[in-house]
Amino acid sequence: MNRRQLLKTLAALSAMSMMPAGRLFAAPATGNRLLVVFLRGGYDCANLLVPISSKYYYETRPNIAVPVPGNEPNTALPLNADSGQAAFIPFAGTDDLSRSHFETQDSIELGQPLNQGRNYQSGFLNRLVATLSGRDAIAFTDQLPIVLQGSVQVANTVLRTVGKPSVDTRQSGLIATMYQGTSLEKRVSDGFTIRDEVMREMTAEMDAASRNAISAKGFELEARRIARLMKDRHNIGFVDVGGWDTHVGEGGATGYLAGRLDELGRGLNGFSQEMGDEWRNTVVVVVSEFGRTFRENGNRGTDHGHGTVYWVLGGGIHGNQIAGEQIALTQKTLFQNRDYPVLNEYRAVFGGLFARMYGLNDSQLDRIFAGTKAQDLGLI
Amino acid sequence: MLTLSLLAGCATSDTRTADTAVAPGANALQLVNRMTWGANAGTMQHVGRIGLPRYIDEQLGPGRASPLPPPIAQQIGAMTISTKPLVTLVQDLEQQRKDADAVKDDDAKKIAQQAYQAEMNRVAREAQTRTLLRAVYSQDQLREQMVWFWMNHFSVHSGKANNRAMIGDFEEAAIRPHALGKFRDLLAATVFHPAMIRYLDNEQNAANRINENYAREVMELHTLGVGSGYSQRDVQELARILTGVGVNLGTTMPNVKKELAAQYVRRGLFEFNPNRHDYGNKVFLDQPVKGRGLDEVNEAIDRLSRNPATARYVSRKLAIYFVSDDPPAALVDRMAATFTAGDGDIAATLRTLFTSRELDGSLGRKFKMPMHYVVSAVRLAYDDKPILNAGPMLNWLNRMGQPLFGRQTPDGYPMIETAWASPGQMTTRFEIAKAIGSGSAGLFKTDGPQPIEKPAFPQLANALYFGQVQQTLSLSTRRALEQAGSPQEWNMLLMSSPEMMYR
Chain D
4 MNRRQLLKTL
14 AALSAMSMMP
24 AGRLFAAPAT
34 GNRLLVVFLR
44 GGYDCANLLV
54 PISSKYYYET
64 RPNIAVPVPG
74 NEPNTALPLN
84 ADSGQAAFIP
94 FAGTDDLSRS
104 HFETQDSIEL
114 GQPLNQGRNY
124 QSGFLNRLVA
134 TLSGRDAIAF
144 TDQLPIVLQG
154 SVQVANTVLR
164 TVGKPSVDTR
174 QSGLIATMYQ
184 GTSLEKRVSD
194 GFTIRDEVMR
204 EMTAEMDAAS
214 RNAISAKGFE
224 LEARRIARLM
234 KDRHNIGFVD
244 VGGWDTHVGE
254 GGATGYLAGR
264 LDELGRGLNG
274 FSQEMGDEWR
284 NTVVVVVSEF
294 GRTFRENGNR
304 GTDHGHGTVY
314 WVLGGGIHGN
324 QIAGEQIALT
334 QKTLFQNRDY
344 PVLNEYRAVF
354 GGLFARMYGL
364 NDSQLDRIFA
374 GTKAQDLGLI
Chain Y
5 MLTLSLLAGC
15 ATSDTRTADT
25 AVAPGANALQ
35 LVNRMTWGAN
45 AGTMQHVGRI
55 GLPRYIDEQL
65 GPGRASPLPP
75 PIAQQIGAMT
85 ISTKPLVTLV
95 QDLEQQRKDA
105 DAVKDDDAKK
115 IAQQAYQAEM
125 NRVAREAQTR
135 TLLRAVYSQD
145 QLREQMVWFW
155 MNHFSVHSGK
165 ANNRAMIGDF
175 EEAAIRPHAL
185 GKFRDLLAAT
195 VFHPAMIRYL
205 DNEQNAANRI
215 NENYAREVME
225 LHTLGVGSGY
235 SQRDVQELAR
245 ILTGVGVNLG
255 TTMPNVKKEL
265 AAQYVRRGLF
275 EFNPNRHDYG
285 NKVFLDQPVK
295 GRGLDEVNEA
305 IDRLSRNPAT
315 ARYVSRKLAI
325 YFVSDDPPAA
335 LVDRMAATFT
345 AGDGDIAATL
355 RTLFTSRELD
365 GSLGRKFKMP
375 MHYVVSAVRL
385 AYDDKPILNA
395 GPMLNWLNRM
405 GQPLFGRQTP
415 DGYPMIETAW
425 ASPGQMTTRF
435 EIAKAIGSGS
445 AGLFKTDGPQ
455 PIEKPAFPQL
465 ANALYFGQVQ
475 QTLSLSTRRA
485 LEQAGSPQEW
495 NMLLMSSPEM
505 MYR
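Line order of the protein sequences matches chains D and Y.
Mapping of the first sequence onto our numbering: residues 4 to 383, in sequence order.
Mapping of the second sequence onto our numbering: residues 5 to 507, in sequence order.
Treat the hints as calculated values from the structure; they're not laboratory data.
Fair warning: this is a prediction, and the values are worked out from it, not measured in the lab.
Glycine residues also receive a C-beta, built at the ideal position from the N, C-alpha and C atoms.
Some clues are possibly wrong.
Which chain D residues stay away from chain Y? Per the calculated CB distances, all over 12 Å, these [said to hold, decoys possible]:
hint, residue
1, Ser56
2, Tyr60
3, Gly120
4, Gln146
5, Thr185
6, Arg198
7, Leu224
8, Asp235
9, Thr336
10, Gly362
Listed below are the simulated DSS-like cross-link pairs for lysine-lysine, each with C-alpha atoms no more than 30 Å apart in a straight line [stated by the list, open to error]:
hint, chain 1, residue 1, chain 2, residue 2
11, Y, Lys186, Y, Lys321
12, Y, Lys108, D, Lys58
13, Y, Lys186, D, Lys167
14, D, Lys220, Y, Lys88
15, Y, Lys88, D, Lys167
16, Y, Lys321, Y, Lys88
17, D, Lys189, Y, Lys321
18, D, Lys167, D, Lys220
In isolation and in its complexed conformation, chain D is listed as follows:
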């Protein structure tokens, strides 16, 4: 695993190299920001971080392999060596072996040890917020995801589609008066505040669009909106992106998965642009519940696998590297003769990132990931 290629779509990230790559994480900053992006469905990491030196990859993916650049120069480009703003952690994931989307997503979001009683109302990002102080977390999802459920009250708001609220300002005011002096007073007024904040951002977006700015759509639109909210007030965010369960007709350098990665790449690029100067203080972690089978299946797709590739992006990270424990990819090293093994357990990986970002000590980390030794990958 020493030579790796990225899909062209991710080369967009190199645009971020225009910004100075500050190293503000040397001392834990209180102003830093974290966005966790969960790719639900188990994306096929082998067609993102392509093991071009593995003959076995090309043998076992006759229809969906991404070619070595040179043969088809326009389809795959190398990761821009100068950007330094993206790193990848292959062989990442959980020891959960159910290969069930739901169970694996749940168990990752809970971030608790396997094979013992679980607290279903305690996600690891909520425990992070509870451990830190002065953090304002928010989920950009229609329901509060498990990862942010827990002892700290966390807001959620959907940005994929934002409708103008039907309850107008006067009505909101009347509603607020009904709650004066009740235990819900503050939550009601906070709710109206977040709603108005989102609407202000949306108005700015519409103004920009009317000045002939190229209007974003899909995940890029959502990611840009997320950035505008995270720039101001919210410093820990979570969003999920679906559509990765490519059992059939996955495609290679072009096709279905390449299109999804393209949209994701444009979104993350848009996010970094929109963050502006704050991008230096921002870390984005992209995860998925599991990887997929190394070999293609009978439907030119891939099935549920095990280890996957996590991404770490940010204006101030030590990027341009493939981090963590690695192993040469051959038929022999495949897990259960089908999947990427997990060598970098997600709790250890997140623990290491959190320790660097927030200067957490072992007992603080233990509150977030009980019984796990943090793995410092030197990315931050």
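Start from chain D and add chain Y according to the hints.
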């Protein structure tokens, strides 16, 4: 001390006998709000006629099966889940799935697979619709609440595998018949239902290839409760006992060793495969279990359902649902005693709750979950006028984060205020209050290419409001209502008021 509030214009019998005691000082409107999915004019008139004590007796009667209003009964009767038995339904869908998978052309295959998914979604939506129609219109309101409660207690996520096809039957065949019956029967019905077996992976649990998932959750979530004293060893032993309990969607019997063939059991989609069972002896909850097949499971169900920890755990959960987020220990103790004395008699346990002083002190203070909020609003606004489309209600539940059968994790939805009253959730609730208050909101318009629509308007400023609801409102709420510029806005404000957030 008896201060039953009288329904305006109706003679209320407020005498009570010793054995049908009502919570002392209970206000009829508030008690009905707690016992039902929400008070409406029809229910309050009925309570006015027969009196609160008899109403409570009626609701607690385990064998009751009041007919639904004919238009609602017809809607439910026409559903696929009402006309096709579970086995046929699942096998037909399974065939459709296999046919789609066998299509050679990638594009055609995608279309066929989408059609299969669409049919699964449609069948699941029928089950959701049926639940809502019964919650709104059934006279057996306590039973309908208990159906929801147990569906949440034995929570099955309909999104997993083909559970969308089985979730309706899980409610109908496993939960509903026992909702006010004996806990042991209820537990056993869930253990042997394919939706549960599949959801918690027991079909993967076999001798020497143990999957502990279901065994753990049965003890932690369904019976004893976490921290009640069972050990990891008990989890492993129960998992061994449960080996071989699985699901068979097909029509063929697996190859079973000759000497074990007599042990094979097939009931509908449920299958006990002796080849997969661990026939060794076990020790479960400090008592030996002789290895002998499926009967071990019945023995485990007996032990679990009759364990004192189960009585306490289930009683406390009932008290959280019906009384308070942190129910008084004395009430839970009395309920647990009733539960034990009646061998898990659910109705008797609820009678202890509904005749308690603790209930009286809690009335009007329990935050409504989205399900309570949505159903109580539709009941209040439309009384017994039959809706034509439950879709808007399903959407409101989705927006508020409590889709029916949509809890991913097996712990079921939380039933306490902090889970549902975050700032964003309150704002969403006000948006929904406006949708409900502004007009018929799509509830009286059928889906499809040629929709039928009936005129309807939410009648919230009704006799029940002026007779009883108004008195319960705070001065701030009344002042805000006075400033409404239209009937629609008045409705929206009433539905947004703190009083409508609590039951």
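Each hint tested on the structure:
no.: 1; hint: Ser56; verdict: holds, 30 Å
no.: 2; hint: Tyr60; verdict: holds, 22 Å
no.: 3; hint: Gly120; verdict: violated, 5 Å
no.: 4; hint: Gln146; verdict: violated, 4 Å
no.: 5; hint: Thr185; verdict: violated, 5 Å
no.: 6; hint: Arg198; verdict: violated, 5 Å
no.: 7; hint: Leu224; verdict: holds, 20 Å
no.: 8; hint: Asp235; verdict: holds, 16 Å
no.: 9; hint: Thr336; verdict: holds, 24 Å
no.: 10; hint: Gly362; verdict: holds, 29 Å
no.: 11; hint: Y/Lys186 <-> Y/Lys321; verdict: holds, 16 Å
no.: 12; hint: Y/Lys108 <-> D/Lys58; verdict: holds, 28 Å
no.: 13; hint: Y/Lys186 <-> D/Lys167; verdict: violated, 50 Å
no.: 14; hint: D/Lys220 <-> Y/Lys88; verdict: violated, 43 Å
no.: 15; hint: Y/Lys88 <-> D/Lys167; verdict: violated, 43 Å
no.: 16; hint: Y/Lys321 <-> Y/Lys88; verdict: violated, 35 Å
no.: 17; hint: D/Lys189 <-> Y/Lys321; verdict: holds, 29 Å
no.: 18; hint: D/Lys167 <-> D/Lys220; verdict: holds, 18 Å
The earlier numbered hints that this structure contradicts are 3, 4, 5, 6, 13, 14, 15 and 16.
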